[in-house]
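S.K.: Chains as they are written, first to last, in our numbering: chain A, 1 to 331; chain B, 1 to 331; chain C, 1 to 331; chain D, 1 to 331.
Hints were generated in silico from the structure; no laboratory data involved.
Since we're looking at a predicted model, the values are computed, not measured.
Please note: incorrect hints may appear among the correct ones.
One copy or any two copies: either way a pair holds, since identical chains are not told apart in the list.
Below are the DSSO-like pairs computed for lysine-lysine, each with C-alpha atoms no more than 30 Å apart in a straight line [said to hold, decoys possible]:
id : residue 1 : residue 2
1  : K5        : K95
2  : K131      : K66
3  : K5        : K90
4  : K131      : K5
4 protein chains.
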Amino acid sequence: MSIPKPNYSPPFNITRASHSVLHVKDLAKSRAFYVDLIGFIVSDEDKDAIYLRGVAEASHHSLVLKRGSAPLAERVGLRCFSEEDLEKAKFHFDKAGLPARWAPQPHQGRTLQVNDVLGAPLEFCATMERKPRLVVSFDHHHGAVPQRIDHFQLLVPDVQRELEFYMALGFRLSEYIAPDGSEDPVFVFLQRKGNPHDIVFAPGAGPRLHHAAFSIPESTLFFTVCDLAATMGFADNIEFGPGRHGPGHALFVYMRDPDGHRIELFNTHYQCMDIDDEPVRWDASYAARRNWQLPARERWYSEASRFAGIEPREPSRKGNPMTLERYVAAN
Amino acid sequence: MSIPKPNYSPPFNITRASHSVLHVKDLAKSRAFYVDLIGFIVSDEDKDAIYLRGVAEASHHSLVLKRGSAPLAERVGLRCFSEEDLEKAKFHFDKAGLPARWAPQPHQGRTLQVNDVLGAPLEFCATMERKPRLVVSFDHHHGAVPQRIDHFQLLVPDVQRELEFYMALGFRLSEYIAPDGSEDPVFVFLQRKGNPHDIVFAPGAGPRLHHAAFSIPESTLFFTVCDLAATMGFADNIEFGPGRHGPGHALFVYMRDPDGHRIELFNTHYQCMDIDDEPVRWDASYAARRNWQLPARERWYSEASRFAGIEPREPSRKGNPMTLERYVAAN
Amino acid sequence: MSIPKPNYSPPFNITRASHSVLHVKDLAKSRAFYVDLIGFIVSDEDKDAIYLRGVAEASHHSLVLKRGSAPLAERVGLRCFSEEDLEKAKFHFDKAGLPARWAPQPHQGRTLQVNDVLGAPLEFCATMERKPRLVVSFDHHHGAVPQRIDHFQLLVPDVQRELEFYMALGFRLSEYIAPDGSEDPVFVFLQRKGNPHDIVFAPGAGPRLHHAAFSIPESTLFFTVCDLAATMGFADNIEFGPGRHGPGHALFVYMRDPDGHRIELFNTHYQCMDIDDEPVRWDASYAARRNWQLPARERWYSEASRFAGIEPREPSRKGNPMTLERYVAAN
Amino acid sequence: MSIPKPNYSPPFNITRASHSVLHVKDLAKSRAFYVDLIGFIVSDEDKDAIYLRGVAEASHHSLVLKRGSAPLAERVGLRCFSEEDLEKAKFHFDKAGLPARWAPQPHQGRTLQVNDVLGAPLEFCATMERKPRLVVSFDHHHGAVPQRIDHFQLLVPDVQRELEFYMALGFRLSEYIAPDGSEDPVFVFLQRKGNPHDIVFAPGAGPRLHHAAFSIPESTLFFTVCDLAATMGFADNIEFGPGRHGPGHALFVYMRDPDGHRIELFNTHYQCMDIDDEPVRWDASYAARRNWQLPARERWYSEASRFAGIEPREPSRKGNPMTLERYVAAN
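Only chain A is shown next, with the shape it has when bound in the complex (with noise of 0.2 Å):
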């Protein structure tokens, strides 16, 4: 096993991490953690449903709450640069061996939903309706005022299969996490947008929804959004950090949401668009390694949200999560 090579024409081009579709048992209560307190902007809700958007973001929704009895994810959703990508992408699937449908989604333009190699719920369309784009519009900044989605993260039991199916696709890998002394990576940074993330794969039961991550423009907003997590009843939700991260390099910190759903709220990227942008390589040792946050809870490495209908498997090699030792296979 080891890194492909990247696939600069791939057969369609998708742009970007889009949305994600959760399941929440109570929608007044998310509606209390993802608007009152995170600060995402309602672009639409109904009885069955929330919308919601961040504050720099024109498109409909980055992320969509749907009433259900059990808290799980729907799918995970890309975005294609043009309808004739849509197209090529269907073609291309049905050619995989993937079959792919559309599926008509409120708010989204034409709609293809598929799941990828180890099952994982994807969606792909390449537009939205068109809503206000807020990022000035400071009268309705509050809480940690996320900007935009910025990616995914999922946690399945083959990594490298994750990894040459997404590569194939175009994706190219910004980082990986391996064990030291081998070339095999078990924690994968996979990027269309140009910078470090647009999905990320971690070694675990799956596939599962890990978290979507949205940025925040400034560092005192971590600071702003904990302590009024804190005043707010929501400081039991706080789950890892704030911290720095070691691959991607930003400041993040990771909540649960009432339903156990995971987001992370990080600060700004850097660019990784250049051809001679080669992926960053870490040992598993050293990113396991403090930074200088607490380490990560057990719990931040093996609790994941399942996906409506599909059953996680274990990976064929379980270790250990907080230092990646096992999870690859000797070869």
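Knowing the structure of chain A, use the given hints to seat chains B, C and D on it.
M.R.: Just chains B, C and D now, kept in the frame of chain A:
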């Protein structure tokens, strides 16, 4: 005159603003400004030149200062994705009657130089020597902690012609200012990399380089760098700001270096890469209206760095730069 | 004329600047400015008055807005330590030929009113009704998140006389501006509470209230409040700054309320309470010199709120307020 | 046991926490920590000692590091207002059976040393050699940009006795923690200078110095100093935080120096100087409850610097330091 259609199949792939090359009379004074005050990282220097990069850049340089007898701009650099794109670029420009020449440059991969349709000297490369990305090497952070180059602004006598030229090359128009009641853009913001600007054209005698802009990660750093400027004797080099932009929405400060070259420091931009991101129109009267900072002084509109060997031409119609009201021809 | 010796055994114990009382023509407009924009907490309000405090204040009010027919200042309030100090104050002022009267005020303990040596209307109290300190009630934080009152500035026709009056009451001179080559203070910063200012006197027709100043906790909030001001239609109320002070050293912004009353928002001050803290002298030429912000406009020097019923007197010698050069008499 | 009445006519006038004196084994290592990482200003140094101050301090030192064979605290310093207060202090302590001795100290005015009622070694001075206040000398700012000393915390075997001792000296109780349902303070915050703390007593074997605390001006600097610590190899010296305090309300981070001495960096405190500022009571169960940061590790409660020559005594009743539940005697 009007706004051209985007060209989604450009003749070659330009990815981003890359670097600018400036002539300065005293390298030591320029070093004090760019390194000791602003916080640029020195990638290389000798008695004739200093090569600078931001802390988040892995490319060798985004700003080159050459010892010269006059404070001139030599050229601005754009990045193409691949070597093949450079070949396509040469073919394209030659065919268009704009002679392009290969011109080896230190620390850059193969480099193609050409003058744009109004004579602005450009160069294109796909690769540069790689240097360590110092984004988390906090012991190297200083001053405003410049992250990376973001865009250039040029004054030109015919904005419409530049708009057409660059949109034909695949640039997309993110925002523009037009006189009230008109659709004629007189101030245009063009991008390739997925945020609002890579190159900006404003009306005036030109082509001249108005400024190169570099991103900074925190708004407190506007105060840090202004305070440090005053302490170091550079208070008068602060020309405009800190303030808040209309188009682009960022916080900014403009500074003049010891030779009068202008740089902009600004914070984060929104994402702008979807096919349904339409150009945002600003009425000239609205864009000229006060945000909260005091208005720019006249010299911010009229002064810019001449390009070496390029005689500026006056616009056929001059106007009030504060309002942009007459720059557009009656048509 | 010169600087008096400090009086370490004052006739009674004044502890700090306490509050100011302003007349405003439209309470709703003032509320929009002070509460919806700046972020003051409403302690009480009715159809005739609004009582405001900062989030870190447990005293009932530091700013009282009364409905009035003209935009006047009613008086400024100082805190004494104990009821006994109020008694001593009455005795002291009466003996000094400045008649002091007990004047009950809503939400305040026993209150003594007196006009200072130049006629400025003061009031003293030792206690106020207590309200919850909201310093960590983050759900009540908004706008600039004003913490607490810090100081007042008055324009007066005879700075020297005020200096002598207040130093006899135990105020200490922290900083002062004097014309170059002179020891005659023309701009004086006086304190009781252990940081640089409680009351400041500058030369001009007066006594008039130049501004009341409130501290804010983070420099990013200067941008927050300016941005919010622009969004809410208050851009023109930003008069001067954000910028960096010479004397006092703080970052600041001055704003005019809907009636033209001026407030200053500034960040933290240094500690100034040791017996060996000598007054810091600034040459007028130096203090007038540009820090990094653009200089204040002339109106910042000349405009101020009249006190109700007090006719301003012109200084015997007028000068250029930008340089303070002639305000001092030859002697 | 209970809370004493404030003494508004103390035997002499203590104004504030002044300085601490620590023994360190390797001055070069300590210098790397305090100067190169934290950003203290060196007022003087030789082969045996380093004298440090914060950037907003005009007094010669607030932290003295002496070369020693063991990591001990030598003493903590308090400032009196005048020389006359020192004389009164000597008279007071001698009369109280606590022998006080004049002990000349470098760079300090006349200095009086005494051990408090539980043996904690104190010294008092009214003046110090003056140094430039570097609050706006931004070219000297580095790391966390420590402004000034704020307070000390000591672990002591009998908090009640210290409370009575210091309140008799004029200290006022700003906040305290008591077991639920009890009025017996087990964790007390005492102040003279008008903000919540000058000296704090917590239960434990002692007297030992738990930490000295220094203020920093911006919350972003918590990230700056933690990031720099990690870059410089001091990640493991970050013991607790960044986080938000209950009592005192500040943001904080605790760090251990190379000898294990603990310092706190925290941001601004509220004003606390009015006669109607009553002590704020916290239930132990509430104070121990999670704010938003992870709880302190046990060592934060139990580890502290021994004072040279002072054998710590155990509290007569020990308790769980995380809850403080049993420290108080049944009475």
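S.K.: Indicate, hint by hint, whether the structure satisfies it.
M.R.: Evaluated hints:
no., hint, verdict
1, K5 with K95, "within (22 Å within a copy, 34 Å between copies)"
2, K131 with K66, "within (20 Å within a copy, 42 Å between copies)"
3, K5 with K90, "both (24 Å within a copy, 28 Å between copies)"
4, K131 with K5, "between (38 Å within a copy, 22 Å between copies)"
Violated hints are absent here; each numbered hint is respected by the structure.
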